[in-house]
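Student: Read off the chains here:
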Amino acid sequence: MSSTATEEKTESTAAPPAPPASKSPTVAERYRIVEGGPAEAPHRTHTGYAPADLEQWERPSILATVRGLVVTTTNFMKNLFPRNRWQKPTISYPEERRAYSPRFRGIHQLTKRPDGSIKCVACFMCATICPAECIVIEAGEYPDKRVEKYPVRFDIDMLRCVMCGLCVDACPEEAIIMTGDYEMAAFTRSETVYPLSLLADRPQLASTPPGYRPRYEPGPDLVR
Amino acid sequence: MSEAPARPMVELTIDGRKVSVPDGTNVLEAAKLVGIRIPNFCYHPDLSVEGSCRMCLVTIEGRPKLAPSCSEPVKAGMVVRVSGQGAEQAEDARRAQLEFLLLNHPLDCPICDQAGECKLQDYYVEHGRYQSRMPRGLKLHKRKVVDLGERIMLDKERCVLCSRCVRFCREVSESYALQFFTRGVTTEIGTENDGPITGDDYIGNVVDICPVGALTSKDFRFKQRVWFLKSAESVCDHCSTGCNLRVDHKDGVVYRYVPRRNPEVNRSWLCDAGRDSYKLRQGPDRLEAPLVRAAGALAPASWADALAAAEAAIRHGRGAIAGLASPRASTETLYAFRAFAREALQTKLVDYRVDGSHEKTKTMADKVLRHADPHPNNTGCDWLKLGQAASVAAILDACEKGEVKTLYLLGPELLTRHPEPERVRRALGRVEHVIVHATHASDALAPASVVLPDVTFLEMDGTFVNYQGRVQRFRRAYPARGQASPAAVALADLGKRLGAAVPSGSAEKLFDEMSTAESAFGGLRWNDLGLLGAQPGARQAVAAGER
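In the order they appear, the protein sequences are chains P and H.
For the first sequence, my numbering assigns the number 399 to the initial residue and increments by one for each residue that follows.
For the second sequence, my numbering assigns the number 712 to the initial residue and increments by one for each residue that follows.
Keep in mind the hints are simulated off the structure, nothing from the lab.
Since this is a predicted model, take the numbers as computed values, not measurements.
Among the clues, some could well be false.
Stated by the list, open to error - Only part of the chain P face toward chain H is listed, based on derived beta-carbon distances under 8 Å:
id, residue
1, 519
2, 521
3, 522
4, 523
5, 526
6, 537
7, 538
8, 539
9, 543
10, 546
11, 547
12, 570
The C-beta atom is built at its ideal place from N, Cα and C for all residues, glycine as well.
Can you build the whole structure from these sequences, using the hints too?
Tutor: Written out as structure tokens, the structure reads:
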């Protein structure tokens, strides 16, 4: 540290006086950034730091290599023979799965009325609030005059969706909720646009609890 | 409004602000002039005053009772309080009245087409009566989704009984279609036996004047939420009346026309045919690329090829060319075409009176707004003296005699609307090249050798001159479809290729140039036109009125 301070003093005469030696140097002082810096910098490395500015233990040497190998080997052994399950950083997905919060914001789901019809009334609140503009709705005339309106088309572009959950917040009918399902890999882009049929009926979800639905406690009223 | 005989001015104070208005104005309109909006449902500037909604109650100093501002004529020295200190009583009364109106109002906002432009919704938010004091389950329910014929859907629950629609059917369209039925709390609007409305060509307006979602348009129903729509101030091109309207569109698709208030032209109304005419300007058959005749049939081509083909046709026909303008083109396009005909086509055989509509420009087609002339700009053609040197009959005769080799059409009217199609066919049989600007593809374009894709008036800026001689601007709503390009641009490009000077530039530049050159425009400037247009002679544009 002291060597760095002296170097700076000798190098930059025009620069403002260096801070007193007792005070620990700032990052900028320690790692003198040479990109666009003084021309007398000894030489540049790809990191932009001059090796001369580095501490002894930071400089490339055989000792540093050995020290690095120790860290690598220690962690390798820990992972190979974990003492408990917390020490193991990976899981055997998909056989093993992590438990997520009940408020997890996974793929959306359109809920249904007890009679099995779709709850959504195509009010466009979700499409209005959606910051990614990934919801496309087309409304149609519902035969029941008390309902009046329903979505003929309801697409969510999962590639555009940012999983913010604002659509769920905006929904006045709890017609759209989020699930714990997060597997949406697909082979083509068109597959990532989820149509009404897919959003409403995904049998694999029946066994999993619903995800983010801020209004109500999960209860018998939710028909999925 | 502006042409009315001068009435003495009266000065009054509204919420501490002095305002001077003509005698006979009501307090509500006077307040509007100083930017104070008094809530109202039943008042409409183009209908008689009813005073039934009681939402516009204000305090007038020196009076023990509140007064409805819509039916209260101004008096000199009147001190009116709408809100704030001194108006607590009026504010309370309005809030209580709003609660009454909301008593049986259904919670339909999420599925109601009016949401977003609903007065009841706006005032509800403004007055903050969020919690209903009506016990659950006691709301009075009325019939919903009542189908009133081709255009209107009625929801009786949502109605606030303002009677705007009833007065409209009585005073403007005179169809007496909508009426009040029963009394008291069960009062509702409707037609006789809830039957369909027929024989009213203006019934679409009741949707616009309905302050709530009781009357909604079947055409617009559920198509879009209104807050997604973008608007452009435009003019109807369906007849020579030139009704002012607002084009509501999204992503290059027009969803509806809404009338814009212009007391000098259409008041607040729009006819149903004009309201539907947006459909004619769109459609899947829009031309998106130039067409050039190749091996006997019209085939899509690039603009460069199309202009080259047109240039060759014009050079080939030198000395034997005729041109026809279009009464559907903007005035600026017509101005460019006139110069193009003179400099590039070098012909005097120019006319616009293809279908005889110019004779009917000032003939009313009904008692309210419509005129018999289906084109928006016959007056503009007339002002530019496009029909002075020749006539369509003379041009067709010349064609039949083989004196015309190349025919240049600014619009497809000759091919689609001429009263004698047989004669046109005979004449075109002897013409070697027909160059036509068209917006839509159709079989009628078959005789053409070059078709240049034109933009519709929704995709460009410009002016029309209506039957009164009122120059009115229409504004570009959305970009042109495909490669379609304004005719004026194509004319300028073609003129350049032919070495002729054709005026080009923005509509503003062309208009000012034209107005300087042509005395019929009376020296009007583009900036004089404003939102409501202007007539030569009356140079000041009228300030925009509220719908």
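Student: Taking the hints in turn, state whether each one holds.
Tutor: Evaluated hints:
no. : hint : in the structure
1   : 519  : 5 Å, holds
2   : 521  : 3 Å, holds
3   : 522  : 4 Å, holds
4   : 523  : 7 Å, holds
5   : 526  : 7 Å, holds
6   : 537  : 4 Å, holds
7   : 538  : 7 Å, holds
8   : 539  : 7 Å, holds
9   : 543  : 4 Å, holds
10  : 546  : 5 Å, holds
11  : 547  : 4 Å, holds
12  : 570  : 5 Å, holds
The structure meets every hint from the earlier list without exception.
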